[in-house]
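Undergrad: Top line first, the protein sequences correspond to chains A and B.
Count the first sequence with the numbering used here and you get residues 1 to 299, in order.
Count the second sequence with the numbering used here and you get residues 1 to 156, in order.
You may find that some hints are simply not true.
Derived coverage of chain B by chain A (criterion: at least 3 residues anywhere in the stretch with Cβ under 8 Å from a Cβ of chain A; other residues may be distant) [to be verified]:
hint	segment
1	14-26
2	100-106
Here are the computed lysine-lysine pairs in the BS3-like style, where the Cα-Cα straight-line distance is at most 27 Å [what the hints assert, rightly or not]:
hint	chain 1	residue 1	chain 2	residue 2
3	A	Lys-186	A	Lys-226
4	A	Lys-20	A	Lys-83
5	A	Lys-83	B	Lys-38
6	B	Lys-39	A	Lys-83
7	A	Lys-109	A	Lys-84
8	B	Lys-23	A	Lys-184
9	B	Lys-91	B	Lys-81
10	B	Lys-23	A	Lys-84
11	A	Lys-84	B	Lys-38
12	B	Lys-23	A	Lys-83
13	A	Lys-109	B	Lys-38
14	B	Lys-23	A	Lys-109
15	A	Lys-84	B	Lys-39
In short, the hints are calculated from the structure, not lab data.
Yeah, the Cβ is synthetic: ideal placement off N, Cα and C, and Gly gets one too.
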Amino acid sequence: MAGNSQEYISHHLTNLTYGKLPAGYVRHDADGTETELTEATWTMAHSGQEAADMGFTAVHVDSLGWSFGLGAMLMFLFWRAAKKATTAVPTGFQNFVEMIVEFIDSTVKEAFHGRNALVAPLSLTIFTWVFMMNFMDLIPVDVLPTIFGAFGVHYMKVVPSTDVNITMGMALTVFAMMIYYSIKVKGIGGFVGELTLHPFNAKNPVVQALFIPVNFFLESIALIAKPISLALRLFGNMYAGEMIFILIALMFSAGAFLGLLGGVLQWAWAVFHILVITLQAFIFMMLTIVYLSMAHEDH
Amino acid sequence: MNINATLIGQIITFAIFVWFCMKFVWPHLLGAMQEREKKIADGLDAANRAERDLELAQEKAASQLRESKEKAAEIIEQANKRANQIVDEAKEAARSEGERLVAAAQAEVEQEVNRAKEVLRKQVSELAVAGAAKILGKSVDAAAHSELLNQLADEL
Numbered sequence: 001m002a003g004n005s006q007e008y009i010s011h012h013l014t015n016l017t018y019g020k021l022p023a024g025y026v027r028h029d030a031d032g033t034e035t036e037l038t039e040a041t042w043t044m045a046h047s048g049q050e051a052a053d054m055g056f057t058a059v060h061v062d063s064l065g066w067s068f069g070l071g072a073m074l075m076f077l078f079w080r081a082a083k084k085a086t087t088a089v090p091t092g093f094q095n096f097v098e099m100i101v102e103f104i105d106s107t108v109k110e111a112f113h114g115r116n117a118l119v120a121p122l123s124l125t126i127f128t129w130v131f132m133m134n135f136m137d138l139i140p141v142d143v144l145p146t147i148f149g150a151f152g153v154h155y156m157k158v159v160p161s162t163d164v165n166i167t168m169g170m171a172l173t174v175f176a177m178m179i180y181y182s183i184k185v186k187g188i189g190g191f192v193g194e195l196t197l198h199p200f201n202a203k204n205p206v207v208q209a210l211f212i213p214v215n216f217f218l219e220s221i222a223l224i225a226k227p228i229s230l231a232l233r234l235f236g237n238m239y240a241g242e243m244i245f246i247l248i249a250l251m252f253s254a255g256a257f258l259g260l261l262g263g264v265l266q267w268a269w270a271v272f273h274i275l276v277i278t279l280q281a282f283i284f285m286m287l288t289i290v291y292l293s294m295a296h297e298d299h
Numbered sequence: 001m002n003i004n005a006t007l008i009g010q011i012i013t014f015a016i017f018v019w020f021c022m023k024f025v026w027p028h029l030l031g032a033m034q035e036r037e038k039k040i041a042d043g044l045d046a047a048n049r050a051e052r053d054l055e056l057a058q059e060k061a062a063s064q065l066r067e068s069k070e071k072a073a074e075i076i077e078q079a080n081k082r083a084n085q086i087v088d089e090a091k092e093a094a095r096s097e098g099e100r101l102v103a104a105a106q107a108e109v110e111q112e113v114n115r116a117k118e119v120l121r122k123q124v125s126e127l128a129v130a131g132a133a134k135i136l137g138k139s140v141d142a143a144a145h146s147e148l149l150n151q152l153a154d155e156l
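Start from the sequences and build out the full structure, keeping to the hints where you can.
TA: Below you can see the structure in the form of structure tokens.
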């Protein structure tokens with residue numbers, strides 16, 4: 001049972017990975033056979049170990065696929081709503097989209113004081129997209145992997161935001177925008193000054209020169225910590241939530257009593273998780289706005 | 001937890017979606033919403049103005065009504081006065097007419113009486129003359145005694 005559970009959990013936490021295995025790599029298949037590759041091969045990983053051995057050139061097909069699919073669906077829905085948008089009385093889905101847009105717009109107006117046409121649509125994309133990616137967590141953990149398993153796809157991690165690549169990708173994009181707008185608004189000098197002249201400064205030039213490396217060290221850490229905390233916060237929350245769903249799902253195979261308890265727990269955790277996924281999506285969006293707002297502030 | 005090219009894929013995907021949202025979604029939606037907001041604000045303004053207009057019109061109507069009521073009352077009063085006047089005049093006319101008629105009748109009666117008296121006087125004087133002639137046995141020459149006769153007639 002213990003080995004089984006471990007297998008179940010690690011199976012659930014392994015991405016469907018496509019990548020290149022080097023020549024001479026020995027593949028260990030589930031049935032115990034070993035094959036040595038004669039040349040470098042592009043293939044689907046058959047195990048977590050293979051996925052890890054593929055290195056940086058590999059792609060998590062499931063994470064990226066779900067992330068792209070959900071994003072494309074959202075954009076399509078928004079695009080349709082935007083095309084139909086009239087000044088007449090809005091109805092149904094149009095109303096719903098406008099509610100979200102209004103919410104994002106007021107949030108951005110409150111938190112972001114510069115003038116930038118990018119921030120509001122960026123926030124809308126982040127909020128809705130992250131929400132949808134998180135929302136995949138509420139689908140019972142075994143449903144989609146079972147369906148895909150029936151078609152011969154052995155690994156399927158359906159919640160893109162439990163993949164650190166996804167959250168880090170978004171956070172790095174935000175980070176790039178922060179740097180870009182910092183330099184654009186304050187100039188190279190302003191940006192470098194911001195990094196080196198705070199928090200310590202002195203009138204005496206010699207002392208100031210001594211402070212510069214200290215300031216640079218502190219400010220660089222503060223700057224780099226932003227995207228990392230942004231990415232890891234979302235990843236950590238979603239990963240932990242997913243993990244708990246998986247642990248609860250384990251109870252279903254452990255008798256009637258534990259199964260029933262598992263059902264109740266699953267329901268309770270799902271209800272709680274509705275709050276978590278919305279909150280995490282909101283936090284990701286809010287911090288993005290705040291970071292970009294800071295990038296636009298000229299001291 | 002392998003960091004791999006998924007990261008790059010996500011960055012590209014993210015950039016595309018943000019660009020798409022910024023280009024095709026956000027401006028249309030927000031534009032439509034702002035336009036509607038403006039329309040609604042205009043509509044509310046118009047409603048306020050209409051309400052004010054209505055109030056003014058009602059006030060105007062009320063004042064006109066009051067004015068016309070006053071006028072009507074005045075006219076009725078005038079008419080009443082005039083009617084009274086006419087009745088008075090008619091009464092006056094009737095009375096004076098009656099008086100006139102009475103006076104005329106009286107005058108006629110008097111005239112008739114006078115005439116009868118005259119006739120009677122003449123007849124009496126003739127009778128007297130005839131009587132006298134009978135008494136005297138001869139006819140009285142009317143011409144010769146006209147003075148006497150007239151005196152007689154006057155005395156009667």
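Undergrad: Could you run down the list of hints and mark each one as holding or not?
TA: Outcome of the hint check:
Coverage of the segment 14-26 of chain B by chain A holds [criterion: at least 3 residues with CB-CB distance below 8 Å; count 10]. For the segment 100-106 of chain B, the assignment as covered by chain A is violated, since 0 residues bring a beta-carbon within under 8 Å of that chain's beta-carbons and 3 are needed. Under the criterion of a C-alpha separation no larger than 27 Å, the hint pairing Lys-186(A) with Lys-226(A) is consistent with the structure, at around 19 Å. Annotation: proposed proximity of Lys-20(A) to Lys-83(A) is violated, straight-line Cα distance about 43 Å (limit 27 Å).
With a C-alpha separation of about 20 Å, the suggested pairing of Lys-83(A) with Lys-38(B) holds against the 27 Å cut-off. Taking the CA atoms of Lys-39(B) and Lys-83(A), the gap is near 19 Å; set against the 27 Å cutoff, the hint holds. In summary, the hint linking Lys-109(A) to Lys-84(A) is supported, as the alpha carbons are separated by about 25 Å, within the 27 Å threshold. Our distance criterion of 27 Å between C-alpha atoms is met by Lys-23(B) and Lys-184(A), whose separation comes to about 21 Å.
With a C-alpha separation of about 15 Å, the suggested pairing of Lys-91(B) with Lys-81(B) holds against the 27 Å cut-off. With a CA separation close to 16 Å, the supplied pair Lys-23(B) and Lys-84(A) stays within the 27 Å bound. The hinted pair formed by Lys-84(A) and Lys-38(B) meets the criterion: a straight-line CA distance of about 19 Å does not exceed 27 Å. With a C-alpha separation of about 12 Å, the suggested pairing of Lys-23(B) with Lys-83(A) holds against the 27 Å cut-off.
For the suggested pair Lys-109(A) and Lys-38(B), the alpha carbons sit about 19 Å apart, so the restraint of at most 27 Å is met. For the proposed pair Lys-23(B) and Lys-109(A), the alpha carbon gap of about 19 Å is at most 27 Å, so the pair holds. The suggested pairing of Lys-84(A) with Lys-39(B) holds, with an alpha-carbon distance near 18 Å, which does not exceed 27 Å.
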